[in-house]
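In order, the protein sequence lines correspond to chains A and B. Going by the working numbering, the residue at position 102 of the first sequence is 467; the numbering climbs one at a time, nothing skipped. Going by the working numbering, the residue at position 60 of the second sequence is 425; the numbering climbs one at a time, nothing skipped.
Any given hint could be a false lead.
Chain copies aren't distinguished; within one or between two, either way the pair holds.
What the hints assert, rightly or not - List time: in silico EDC-like cross-link candidates among lysine to aspartate or glutamate, alpha-carbon distance up to 20 angstroms:
#1 Lys-504 / Asp-443
#2 Lys-485 / Asp-370
#3 Lys-367 / Asp-387
#4 Lys-474 / Asp-507
Hints listed in this document are in silico derivations from the structure and should not be mistaken for laboratory results.
Number of protein chains: 2
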Amino acid sequence: MKLGDGVEQAIHSVLVLAGLSDTGALSAAALAEFHGVSTSYLLKHLQALAGAGILQSVPGPKGGYRLSRDPDKITLLDIVLAVEGSEPAFRCAEIRKRGPSPLAAHFFKSPCAVNAAMLKAEQAYRAELRKVTIADLGKPKDPALGRAIAQRVCAFLDLNERNRSQAS
Amino acid sequence: MKLGDGVEQAIHSVLVLAGLSDTGALSAAALAEFHGVSTSYLLKHLQALAGAGILQSVPGPKGGYRLSRDPDKITLLDIVLAVEGSEPAFRCAEIRKRGPSPLAAHFFKSPCAVNAAMLKAEQAYRAELRKVTIADLGKPKDPALGRAIAQRVCAFLDLNERNRSQAS
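The task is simple: from the sequences and hints, build the whole structure.
The following block contains the structure:
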């Protein structure tokens with residue numbers, strides 16, 4: 366089982382966007398520079414986040430992305446599903462229906478026990494991801510780390526935040 | 366997030382192998398025929414299960430595969446890790462260390478909060494998979510389904526089980 370690299374990039378991008386002013390925005394290029402990743406690859410994930418209603422895409426030459434709701438309303442599950450899709454990791458191909466002597470058709474009304482057990486485990490995974498919000502992740506337990514992250518992000522936003530004139 | 370098709374094939378193959386006598390074995394070709402899947406693809410997963418100590422590979426022209434321990438000692442987690450590898454689904458690339466102004470090196474002694482949260486969710490997933498054994502899955506709640514599966518598997522094993530002479 367593997368999650369794409371896009372999940373890590375998407376989560377960290379949303380964390381940075383949580384530091385913007387209400388009318389601010391950051392370009393995909395600025396977010397990519399901040400994280401040292403490919404702009405085109407990150408753009409794909411930012412678009413997925415916008416498609417899922419987590420980010421708002423601000424059009425125009427001074428446009429970019431901002432959060433579309435408060436950081437305490439965005440969970441890790443929201444981001445993982447936006448980037449990876451909402452299909453379960455285990456996709457039952459109903460192989461019990463194949464082969465030379467499959468079971469009688471009426472047995473297939475109930476889901477296969479293998480599928481049910483795999484989906485139950487995935488529900489537990491999703492429930493854990495649903496408990497963690499971007500607001501939680503933005504408050505490190507170590508105050509020194511919190512200050513260092515805030516300094517780093519604020520210095521970057523001072524240079525790169527767009528639409529500042531509309532905000533003031 | 367996606368698990369490969371091999372997981373479903375591997376779980377159902379182990380379930381069929383649980384019906385063998387102690388000295389019996391089934392060939393990869395027979396297991397592939399039973400499930401209507403590619404022998405070469407299934408073989409790769411059977412070898413992974415053998416490498417993980419879940420199956421025993423019986424060499425020779427009458428060889429094949431059998432379980433290497435009792436079905437109540439084989440969990441879904443054992444099979445998923447054997448087929449998919451034991452690496453976590455979320456692989457932290459430490460992108461917080463990249464970009465033009467990374468945090469000071471001493472902060473990286475503690476794991477990134479994003480990584481910690483993603484791994485915690487995966488632990489919940491694995492804990493659920495660890496609760497379910499092949500013995501559990503071999504006992505359907507519906508007695509009619511249980512009888513139908515037993516008939517289907519027994520008829521197949523009657524035709525395909527190897528090393529019967531050594532067992533008798």
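Hint-by-hint comparison with the structure:
no. : hint              : result
1   : Lys-504 / Asp-443 : within (19 angstroms within a copy, 36 angstroms between copies)
2   : Lys-485 / Asp-370 : between (25 angstroms within a copy, 18 angstroms between copies)
3   : Lys-367 / Asp-387 : neither (35 angstroms within a copy, 36 angstroms between copies)
4   : Lys-474 / Asp-507 : between (53 angstroms within a copy, 12 angstroms between copies)
The structure fails to meet hint 3 from the earlier list, while all remaining hints are met.
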